[in-house]
Amino acid sequence: MALKRMMMSWGGYPFAVLLVALVSLALIPFRAVLASTTVMLFYVPVIVGTARLAGVRTSATAAVISFLALDLLFIPPYYHLTVAGLPEWLALIIFLVVALIAGQQTGTLRQREQAAVRRQSELELLNSLSARIVSEKSAATTAEFMVAEVVGVLGARRAALYMWSSNSSTPECLAQAGSSRQAPGEAALVGWVLREGKAIGMDAAWSVPADQRPISVGAADAIPGVVADGVYVPLQTVESLEGVLVAIPPDETGMTVDDERLLAAVANLGALSLHRHRLEDEAARAQALQESDRLKSTLVSSVSHELKTPLAAATARVTGLVEEGSDVDAARVHEELLNVAEDLDRLNASIGALLDLSRLESDAWRPHPESCDMRDVLGTVLSRLPAAQQSRVYFQIADSIPDVMVDFAQVARAITILVENALSYSPGDEPVTVGVAPLADEIELWVEDRGPGIEDTEKERVFEKFYRGAASATAPGGTGLGLAIAREIVRSHRGRLRVEDVMPHGARFVVTFPADAGRSE
Amino acid sequence: MTDISAPERPIRVLVIDDEEQIRRALRSVLQARHYDVDLAETGERGLELAAERTPDIVVLDLTLPGISGLEACERLRDWYQGPIIILSVRNADADKIAALDLGADDYLTKPFSSGELLARIRALLRRTQGPDTSVTEVRSGDLRIDFAKRTVTVRGKAVRLTRIEFDVLALLAKNAGRVVTSRMLLESVWGPEYVADTQTLRVHVSHLRHKIEAPGDVPRYVLTEPGVGFRFPEADDPQDAG
Numbered sequence: 083m084a085l086k087r088m089m090m091s092w093g094g095y096p097f098a099v100l101l102v103a104l105v106s107l108a109l110i111p112f113r114a115v116l117a118s119t120t121v122m123l124f125y126v127p128v129i130v131g132t133a134r135l136a137g138v139r140t141s142a143t144a145a146v147i148s149f150l151a152l153d154l155l156f157i158p159p160y161y162h163l164t165v166a167g168l169p170e171w172l173a174l175i176i177f178l179v180v181a182l183i184a185g186q187q188t189g190t191l192r193q194r195e196q197a198a199v200r201r202q203s204e205l206e207l208l209n210s211l212s213a214r215i216v217s218e219k220s221a222a223t224t225a226e227f228m229v230a231e232v233v234g235v236l237g238a239r240r241a242a243l244y245m246w247s248s249n250s251s252t253p254e255c256l257a258q259a260g261s262s263r264q265a266p267g268e269a270a271l272v273g274w275v276l277r278e279g280k281a282i283g284m285d286a287a288w289s290v291p292a293d294q295r296p297i298s299v300g301a302a303d304a305i306p307g308v309v310a311d312g313v314y315v316p317l318q319t320v321e322s323l324e325g326v327l328v329a330i331p332p333d334e335t336g337m338t339v340d341d342e343r344l345l346a347a348v349a350n351l352g353a354l355s356l357h358r359h360r361l362e363d364e365a366a367r368a369q370a371l372q373e374s375d376r377l378k379s380t381l382v383s384s385v386s387h388e389l390k391t392p393l394a395a396a397t398a399r400v401t402g403l404v405e406e407g408s409d410v411d412a413a414r415v416h417e418e419l420l421n422v423a424e425d426l427d428r429l430n431a432s433i434g435a436l437l438d439l440s441r442l443e444s445d446a447w448r449p450h451p452e453s454c455d456m457r458d459v460l461g462t463v464l465s466r467l468p469a470a471q472q473s474r475v476y477f478q479i480a481d482s483i484p485d486v487m488v489d490f491a492q493v494a495r496a497i498t499i500l501v502e503n504a505l506s507y508s509p510g511d512e513p514v515t516v517g518v519a520p521l522a523d524e525i526e527l528w529v530e531d532r533g534p535g536i537e538d539t540e541k542e543r544v545f546e547k548f549y550r551g552a553a554s555a556t557a558p559g560g561t562g563l564g565l566a567i568a569r570e571i572v573r574s575h576r577g578r579l580r581v582e583d584v585m586p587h588g589a590r591f592v593v594t595f596p597a598d599a600g601r602s603e
Numbered sequence: 003m004t005d006i007s008a009p010e011r012p013i014r015v016l017v018i019d020d021e022e023q024i025r026r027a028l029r030s031v032l033q034a035r036h037y038d039v040d041l042a043e044t045g046e047r048g049l050e051l052a053a054e055r056t057p058d059i060v061v062l063d064l065t066l067p068g069i070s071g072l073e074a075c076e077r078l079r080d081w082y083q084g085p086i087i088i089l090s091v092r093n094a095d096a097d098k099i100a101a102l103d104l105g106a107d108d109y110l111t112k113p114f115s116s117g118e119l120l121a122r123i124r125a126l127l128r129r130t131q132g133p134d135t136s137v138t139e140v141r142s143g144d145l146r147i148d149f150a151k152r153t154v155t156v157r158g159k160a161v162r163l164t165r166i167e168f169d170v171l172a173l174l175a176k177n178a179g180r181v182v183t184s185r186m187l188l189e190s191v192w193g194p195e196y197v198a199d200t201q202t203l204r205v206h207v208s209h210l211r212h213k214i215e216a217p218g219d220v221p222r223y224v225l226t227e228p229g230v231g232f233r234f235p236e237a238d239d240p241q242d243a244g
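Which chain is which? The protein sequence lines are A and B, in order.
Just so we're aligned, residue 83 is where the first sequence starts under my numbering, counting upward by one.
Just so we're aligned, residue 3 is where the second sequence starts under my numbering, counting upward by one.
No lab work stands behind these hints, which were simulated from the structure alone.
Please note that a few of the clues may not be correct.
Here are some, though not all, of the chain A residues that point toward chain B, as calculated from beta-carbon distances under 7 Å [stated by the list, open to error]:
hint, residue
1, Leu256
2, Ala257
3, Asp458
4, Leu464
5, Gln472
6, Ser482
7, Phe490
Just so it is clear, CB atoms sit at the ideal spot from N, CA and C, and this is done for glycine as well.
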């Protein structure tokens, strides 16, 4: 490679001269015995070789030098341009013509070959780019790939891809390759291209059909006074301008027609790709918005159901009694009032649950972690249960449990929910077991019941707001929010809450807190 | 219906709440139990009525127009000896604790049931009307505390407590069923200059629990009121004077 580069420096002319000189020197000792026409044959490979390695012009020069060398060194009288006879003249002229034609042919072949190689690498680039367009997951990775290829294939000193920043006020560099230093006037020119949709600096591309290249102007025409050598190509689709591809050529000679054509092709493909990614993002956003709208309306209808049902029941009972007048049987009044009290309890529970959940979700109820003994938390939970239920709760507590950094009140609320759930899903006076055990770097707490258990398909869904499992018919009165609240609390402590089966039947809700939960607060 | 003996002179309850509906509801509930009810819709009016009528117990809402419930509580406590029950809304923990520390005796979170309010009123009246000194012993579950001899037995076995541990337990047990704030515990057991030293309190409570609570079980005697303080469960037979 180094040798070839050395030979080809200065357009290959020194190399050609050297080669001719070497052949001449080698043949001089034999000029007495060799016919001049034979000597001519030795120069032909030199000319063809030069054409192959350095191109047509160099080989023409080599042909002329060879012609002179033949005349001066091998055709008598030596060292004079004059030639003795007509046959020698003829031979020399024919040599020159043959040498020029051979050089010309070989050189053309070389150009075609180079063009073919180049076209192949262009094709490979376009091919891999179009493959990327189908497969890339994001605009950013597509952009990275594009600029890397522009640097790799075109040998650009720097390549960068810009698009409008999200607030559409300043251009934002999505990706760059090669030199990370901005070219002079780059930011301003990028902004101009993004606004005008015209290319800058694609002067060489006049031979490219007009419909395959963008309108191009010089840098100084875009922004007076700016001197820039880069090429700025808009990434234009039929509908939109997606960005600007910047390529700074390696030296002052700038870009060739082929380079610019390739750049235009890359820009077209890139535009399509970025356009597609943008549309996909927009579609995803629209879908998320729609989904959240749907959830909101489900939530609103569930909330109003949750609040209105007990209110409607209480209202119906009370107005019923009012309607019946003052001669209602006292026992019946008492019975109805008991029912009303129950309705109001449920209403209160629903309102409380909704308040808790909205505070948790809006981050208004941040945990205030302190060092807590889980036994202590469980004691508080137990004391809040109705006295009749307390005796149904059994504890399995490991001998030594490290303290956990948690918000006492929140965790007590979460566990109360789990225990109340377990009590209401367990038939009659079946026991509910609550356990605590230390794991490697976690504390595990579980609440186990002997209820019907939870189907695998419902194991995640039971934590959704207002979702009621298949078994909920047997345990009426819940708000449908308890487990959502419990999970939200556990999550805010960087813990996990899951449910598993208990054999032969029942469910076990397992909470794990990192042993240092909340320490990061 | 199973109210304690109808008193010779009706017990006077002062209700200070700005909400008309709550005032009306409480009046009908309390009057049905033969209490004599005064109603005030602002803190200012409440203080006036308290001075005029010297109620036996005050029910005070914390969210009031004009002077706040907290301020009313503080000013009332300057001269008023009777029990004060605070009504607070959910989640206003800070106010609740401040009121308890300012001398309120108990709190209820709205909405509350009439039964709960009546039970609290009865418990507080019992405590202030019956001389405290007559309670020489408290029993709860397997635990017996003898205040005179300063001894504690768990399941019949004597437990050795330090002076501080006994004082903490005694204060909680004498206020059985009622929350005692950390500040109140620190002030009465350690002294007023220690009121901020909650860490010390936690350590002593932890030792106390270790001695009186059953191993492998949750605490049953010294219960944590998250963010507020501690509570001893309502004793089995609180009137038992031994």
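Going through the hints against the structure:
1. Leu256: violated (47 Å)
2. Ala257: Interface hint status for alanine 257 of chain A: violated (50 Å vs cutoff 7 Å).
3. Asp458: holds (5 Å)
4. Leu464: holds (6 Å)
5. Gln472: violated (10 Å)
6. Ser482: violated (10 Å)
7. Phe490: holds (4 Å)
In the structure shown, a violation is registered for the earlier hints numbered 1, 2, 5, 6, in ascending order.
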